[in-house]
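Peer 1: So you can see what is in the structure, the chains are spelled out below.
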Amino acid sequence: DSGVTQTPKHLITATGQRVTLRCSPRSGDLSVYWYQQSLDQGLQFLIQYYNGEERAKGNILERFSAQQFPDLHSELNLSSLELGDSALYFCASSPSGAYNEQFFGPGTRLTVL
Amino acid sequence: AQRVTQPEKLLSVFKGAPVELKCNYSYSGSPELFWYVQYSRQRLQLLLRHISRESIKGFTADLNKGETSFHLKKPFAQEEDSAMYYCALRRGGSQGNLIFGKGTKLSVKP
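Residue numbers (the numbering used here), protein chains in the order written: chain A, 1 to 113; chain B, 1001 to 1110.
Here chain A stands alone, though its shape is the one from the complex (with noise of 0.2 Å):
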């Protein structure tokens, strides 16, 4: 599959634990963009990556970061988890150029007891 990809699926923690979601882009996308879907908030925006460098930063709690490594894969810190924290979180990629297409991974299903 060539497309983006999300490990782990699913991940079942504690409160006041740490987590790190990963996240491999489709080949060649240079942009990489995080957004967490709650029930309540709907999707929204985290934090973009740009062939390495931080982008854009939406409603990034302090506790969570990300970063993008040199082969363009990225990862999401989530810390100090809270009950509130348990979402699904979705990566997507993009080309550079104009007009372009974010492409979704499938998510990674994080579940905070």
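Think of the hints as simulated: they come from the structure by calculation, not from any bench. Errors might be hidden in some of the hints.
Negatives, chain A to chain B, calculated, CB over 10 Å [unchecked claim]:
hint : residue
1    : Gly3
2    : His10
3    : Gln17
4    : Val19
5    : Gly28
6    : Arg55
7    : Phe64
8    : Glu75
9    : Glu82
10   : Ala92
11   : Pro106
12   : Thr111
13   : Val112
If you want a taste of the chain A side facing chain B, the calculated C-beta under 8 Å gives, among others [what the hints assert, rightly or not]:
hint : residue
14   : Ser31
15   : Gly42
16   : Tyr50
17   : Glu53
18   : Ala56
19   : Asn59
20   : Phe69
21   : Phe90
22   : Gln102
23   : Phe104
24   : Gly105
Quantities reported herein were computed from a predicted structural model and do not represent experimental measurements. C-beta: ideal position from N, C-alpha, C; glycine also.
Using the hints provided, position chain B relative to the given structure of chain A.
Peer 2: Chain B alone, transformed into the frame defined by chain A:
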């Protein structure tokens, strides 16, 4: 503030009936608008974008700047159209992030 509103959480129609999924936006510049669809157990995928003015799977959407709307329409719904539909606005140019509406679940009954 930049915002996308989809007023209907759920829309239920019978097969063969026309469908209109509403989307209104608030944006200070020239908006770039999209419809994404998520079928059951599949990932979010682009359905269409206003800039290309194309029809995908029989769906069309016209950007109405006066009414700040981008409603999605299909003249004859099919059962396979049942899915979650998200209207989205892109900010910040071609590499910008998306602002999504909360989505409308379309259910097409036989």
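Peer 1: For which of the previously enumerated hints does the structure constitute a violation, in increasing order of number?
Peer 2: Numbers 1, 6, 10, 11, 17, 19 and 20, in rising order.
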